[in-house]
Each structure stands twice: as structure tokens, then as C-alpha cells.
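Peer 1: Protein sequence lines correspond, in order, to chains A and B.
Letter by letter, the first sequence follows residues -3 to 74 of this note's numbering.
Letter by letter, the second sequence follows residues 19 to 793 of this note's numbering.
Warning: the hint list may mix true and false statements.
Computed Cβ-Cβ distance ranges for the label pairs, DEER-style [said to hold, decoys possible]:
# : chain 1 : residue 1 : chain 2 : residue 2 : range
1 : B       : N251      : A       : S58       : 24 to 34 Å
2 : A       : L63       : B       : E627      : 30 to 40 Å
3 : A       : L63       : B       : A63       : 33 to 43 Å
4 : A       : I21       : B       : D371      : 46 to 56 Å
5 : A       : L63       : B       : N596      : 50 to 60 Å
6 : A       : L65       : B       : R252      : 27 to 37 Å
7 : B       : K273      : A       : I21       : 33 to 43 Å
8 : B       : K130      : A       : L63       : 51 to 61 Å
9 : B       : N87       : A       : S58       : 20 to 30 Å
For the record, the hints were derived by calculation from the structure and aren't laboratory data.
Yeah, the Cβ is synthetic: ideal placement off N, Cα and C, and Gly gets one too.
Read off the chains here:
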Amino acid sequence: MPVKSYLAYPLKGAKKALHDAIAKIDYCEVVAAENKDLLIVITDTKTQLEDENTKQQIETISNLKLLTLVSGFNTPKN
Amino acid sequence: MYTSITNRRSFIKKMALASAMTAAATMFPGIIFADEQEKNIPKDADLDWKKGPCRFCGVGCGILVGVENGKAVAVKGDPSSSVNKGLLCVKGYHQIMCIASKDRLTHALVKKNGSYVKTPINDALDLVASKMKQTIKNHGKDSVAMYTSGQSTIPEGYVASKFMKGAIGTNNLDCNARLCMASAVAGFLTTFGADEPMGCYEDIDSADYFITWGNNMAEMHPVLFSRMLEQKNRRDAKIIDFATRTTRSSTASNKSILFEPQTDLAVANAICYEIVNNGWVNTSFVEEHCNFNKGLTKMGYGLEDNYKFKDKPSKISFEEYKEFLEDYTPEKVSKYSKVSVKDIKYLAAIYGDPNKKVVSYWCMGMNQHTRGTWMNNLVYNIHLLTGKISQPGNGPFSLTGQPSACGTAREVGTFTHKLPKGVVTNEKHRRKAAKIWKVPYERIPSKPTYHATEMFRAVDRGDIKFIWTQVTNPLVSLPKTSRYKPGMQKESCFVVVSDVFPTPTSDVADVILPATWHIEKSGLYGNSERRTQHWDKMVEGPGETTDDAWMTIEVAKRMGYGDLFPYSKENHVEEIYNEYRQFHVGKKHNMAPLEVLKSQAGAIWPYVEGKSTQWRFNAAYDPACDNGKDFHFYGKPDGKAVIWQRPYEPAAESPDDEYPFWLNTGRVIEHWHTGSMTRRIPVLHKAVPHSYVELHPEDAKKMKIKNGEKVKVVSRRGSCILPASVNERGLPTIGQVFVPFFDENMMINDVTLDAFCPISKEPDYKKCAVKIIKA
Ligand code: SF4
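All chains, please: the whole structure from these sequences, using the hints.
Peer 2: Shown next, in the form of C-alpha cells:
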């Protein structure tokens, strides 16, 4: 049950496009900074495999310059 | 620690988001996630946005608090504030979340037979007044003391001063700003004869270079740092970080220069050497506007109780000063400062170039220094020699830590030696205070008594038998708490603590008084740039919480001083401010009228003819300049500022064979000082849940210490166990460790030394000797 947060840096001028692309991926929530070119991505997946797939999907988006992991939490099943 | 969020999974997602926002704020100070801030606001919310200053740091950002049905539900940056232009840091955004903490102090507590008993506030105030009165009767006026704060509002500080000095007639009043700003004050007074910076934040918009002296602005003054970064990106302004440790500020700067602790004194003199010997002195400015002085040296470090020191300034010539600087050639200084000759010359050349505008910023690194006053003097020397002062984009700028260290501690004067205008040693100043306070002038004693460290020594010795602390947590923030905590626990002293939350200081109290928090009362703060900001009460405080000013007034009335405190409960903040303004009437310090402060995001004093004065001492901007010249340093009788001859002297305690590391202590962006508020804000607490000790990777490797492993930091005074932090947030130099002091469960101040600057009496939290042991 991993929950992870990332900082996603868009290519120049592509913040909105990157935001929309990530928002379409399952298990992802995106929060955009209002005044800088930066997005926060929270992933909330059920299994390790889903977690890895989600990350891979984000990384293949062409408007992404850099994705850095900030924190990862494993929550017990409840 | 209490968290109100019960759904664990959604809480973890919030934590993940908070961590990311905090990390983002590090890379982009001032970054705004507006959607996120406003997400919790119900769609159909009918919010009333109320303005005020941020509760936390001395930057003094303007905030707007969204209130619905009597509850504060959101905070955003005030776009109309020229300080922050709508930006806030991570602490600013989350500040109101502490109010609802479950362990909030809502009622007075009185200790009876070892346990605390909930007591009606009126009974508790009766007890405080009768204990204070009895103590004075039995042991004299100087057996009672008050210790307040740079986080007290202006009216709170003012009534504390009037109560102690004007009503009771003792100078036993000091405050926690002694621990952070006293060296800045002493620096201003010795160089200019007038406290507080001459410039303002607008300097950021026109400086070519920002040189930060021992100041991690990315974490401690994040919104200002963000404004500097904007200038760096927009017009290639340069940031030079001069420090003892690599921090987030260093990595975001154009250049980072590291120096050996305490040798900033020598490097500053070496910069002056270069300026003088390369012909970069602004001769006409110096001749017209400066004197040269020297003072006493080898002053000691105040380590012994009842230590006394008084400087004896004497005039010297420029030639004598030049000769003194011969000991500070870059080559000589480089040897012990570990700053390369090239870097010293690089810094000097920036200051020396007449076509470059330079602002120097500093805060605790220079102030919490056993030669803090000297260090302040030395940076002023650089700006005075080059004439780079009191002009947009050019000037020395001492930043403040606390939100009203300037407005309350310094301007109202809640120090033992101070009055709202001037000092107790000056008869004219005492007469003025006595007149406004309507007390006999003889009642205000002419001699200062205890500064902060000495006040708690006096408690420990049994000389002070009653102490009342307000808005501060000395048993976490004082140096050498290993002495002062047992001191406060002694039966010989009756301890009253007013606070919003329980703290290690309230744990030793005989009476705990429940205080209202920031937005639950009206008030005024004064920030680093001389800006006074007012706010109206926004929400009701819980239970019997009462604002500190009113509790002081109630005790004063019960002690028979009611006629001196004729304020009404509803309007006392306004009435007190209007009385206080009388002290500063005149072009040099006039305070803005309340109507102005209510209508806008603050005003900068001197407020003259409806206008803030942004650059003091410069005739083009400051109506108080009346010597007919371009500049007028009117704080000094002859209108001239002083260039001081101040040497390098070693720290009070340096590493040796037994204690081989320097210990440096400080703050992190997520926490406010001793953490009593921010550790109750779940997102901030979860982001940095405990303290740690930063080690250089090579030192860690040598001692086989891994990241996260518990280590013991030991000094001659005490010890503290913390997890090691290697290659994480900050990077100390080899032979140095760094510990944040916000964590009451990891008491690093049990380890620190209570040495202080003999002139300012401000302790040095940045340098003592420790050893590191695997725990
Ligand atoms: S920079 Fe200081 S004043 Fe501004 S929001 Fe942050 S803590 Fe508050």
C-alpha cells in the first residue's frame, strides 16, 4: 500500500500539459505550484507492482524534465 | 503529539504532500500552492478575510486569515503587503493549525501539593498579585522579575515595562530578544547612536550583490530569500553566502565561502584592509560623516556570575586605524580563517567597487557571538569606508529573528536598561517616561539590573524570588539549561508562566496562566524593516484564555496600581498604542497613527507627514536630516557615524583533545524556535518530527557513524542523544557538528555554553566544544 510524493519539473512552457497528462494516470494526484514551474505528484497504489508501473508511466510523459522522489510511506492494509 | 486527522491513509497522503511542499519551498522559497491552500475551504464558504502579520518570523509577511462562523479556516499571503507580495513560507501557510491542539491551555492551573489544579482565572490572578506583593514586602523590589518576548505584541511589552519600571520601580525586566538581537542593538548604538536598520526590503530590488554573513536565509527568512532569488534570475543579481556550514542558502547562492568559527572578525578586518590599501575608501564620505574609535579589548566572556563590563571608547586617527589593519592582511587572516586569500580579495573587491550596489544581511550568526557587538561594528565599517549605506540597494541590514523583536523588545524597550524612549541611565529619558506614565520620576531606578542570562543565574542563586515569563520558553531556549532548569525548580522562586501551550517552562511553574494566541487578540508587531503592523482580533480564544497585556493590567490593578492602567478591556490595545506613540513623537521615530495601520499592511517609522521613511540618515529620503549635508547620522551628537577598531579574539571555548568538535546550534524552516507551536501543527511536525545532529561525512566515516544512528553530543556542561544526520539537509565542515534546538525532547541547550558578548550580553549559541560518542 505505498503512498509516495514526487516533485515533477516540466519542460519550459509545458506545465499545464504535464499537469493534465499526470492527472489522467490512475492512482495519481497532482498539485501545481501557482508561481513556479513545478508540480507535486502524490501516488497512492495498492501494490508494489502498481507503484512501479505508475512511476514508469509518469516518466514516459514527453513534457517531463525531471521527476524526484520526496517521500514514500507504506501503510498497513486496513 | 495530537493530530486531529483520524483517517490514517488520508493523513499519510497529506504528510506526503506536506513533505513535497516543504521540499519545494526549499528549492523555490516563497512557492505558492494556492489550490492546495484553499482546498479545505468549503465551496459555498462565506469567508471573511482579515489582515494581519504572520505570527512567526521577523520578516513580517502580511497574511489574510479566512474566518467563517467564528472559526479561522484558511491562511493566504496578503498580495497588498509590500513585504511578501502574496507569498508565504510553509510555516506561514499552516500557522493557524496549532490553535486547535488538544493540549491547549484553556484555564489557569495552580500547583497544589505537587499537582496542577484548574482554577478560575480571577483567583489565579489574585494569587499572582498577592505573591508578587508579598515577595516585594519581604525581600524588596529587586526580588521580583518579568521575562517577556520578541513575540509579545507592542501593547504587551509596553504594559510590562510600565508595570515593572513605572509602577513597581524595578529594572528587573528583560526578554528573550536578548538571546537573538542584543548584539544588533549594541552594534547600531555604538556605530550610529540609533537602533534598527537604515534601509528596507526594497533594497532587494536594486542591489547588485547580496552578501549574507553567517545567515541561512533560505530557511530563516525564506520569503526575503525568495525575493533575492527572483532578482538573481531576473537581472543577474549575485548572492554570496559567507558561513561556517553549507546550507540550503549556500547551494542556492552564486558562491559559498566557508570560514572557521569566530574568524569572521578577522575576515571583516581583512576586507577593510583591502579597501584601505587599494584606494577604495570613499574619502569624502568618510571625512564628512565618520569618526574613528577604539574600545577596550580582552573583555572576557561573562562566564562568571555577576560579571560586569563597561567599554571605554576613545578616538583614534585614520592613520592609527590603518596601522591596526596591518595585522589583517588577507595572507595573515587566510591562515586561521581557512578562507583563501583569493576569496577575501574577491569579497573586498565587491564592496570596493563604486559601481556595485551591495547589501549585507545577517542575523544569528553574527549576533549570537561572544564578540557580537564588534562583529556588527565591523560590517558597518565596511559600508562606511565605502560610503555604501542608506541608499536604495546599498547598505548593511541586520535581520530580526522574532516577529516583534524590533517593534516590542527594541522599540518599546523590554530590556533591563531600556525605556520606551532611551535608557534608564539617562535622567532626561527617565523624566520623559515618568511624565507619560504619570509616576514620580524617582521611582524609575537609574541602574540596569539583570540581563537574561544573569536573570536566570539570579533565580538559581536565590536572589530572584518571583519570576513571571510571558510568550517565551526559556527552559528550552536559554543556553546551559543544565544549570537554569534546576535553578527554576528550586523552592526559593515562585514561577508564573503565561503561555498558549504547555512547555518545559510551564512544567516548573507554580501558576500557569492561559494566554490567547495571535489572532485571538488584537495587537501590533514591528518587523525587521521598521514596519509596524496592526491586526484586529479575528476569533475568540477558548475557555478563560486572556491576552498577556490584560493579564499584566489585572495583576497591576490587584497590586494597587489601577490608576496607572486606566485602559478598558474592549479597547486597551488602541489606548495603549496611542499612549506609547507619545514617546516617539518627532521626525526621528514618529510612529504611524492607528487609523493608517488599520487601513494598510503596516507603515515604516519614522512616519512623517503621512509618509514612511524608507532610508534613514539620507537627506534625500529622511526628513529628520537637518545638517545641510547629503547624510546625517543624527543618532550621534556630532552627526557622524563611528568606524570602530575591533580586533579578532578567540571564542570562549574552542575544540581541544578532549572535546574535539565545534558545536553550532540553530533552526530549521519547518519549526519556530522551541517548537511549542510548530510541533503542534501536524504537517510541520511530521516533516521534521525530531532534532538531529549533522556531521561531516568524513567525520562520520572516521567514527563509523551511520545516518540515523544514535550519537551522544557531550560538553563540559551536559549531554544530549540525537540521531546522526549525514549528507542530508546541511553540511557542517570537518570538525564541526550542527544541531537544531526546536526539540524539547532532545535538549541541546543542556550542552551549550552561557558565554556572552560583554557589551550586548547576548549569548553565543554557535560555538562551544563537544565530543561525539556512539550512544
Ligand atoms: S517568512 Fe517568516 S513572516 Fe513570512 S510566512 Fe514565513 S515565517 Fe511567516
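Peer 1: Going through the numbered hints above, which ones does this structure break? Give me the numbers in ascending order.
Peer 2: Numbers 2 and 9 - these are the hints that the structure violates, sorted from lowest upward.
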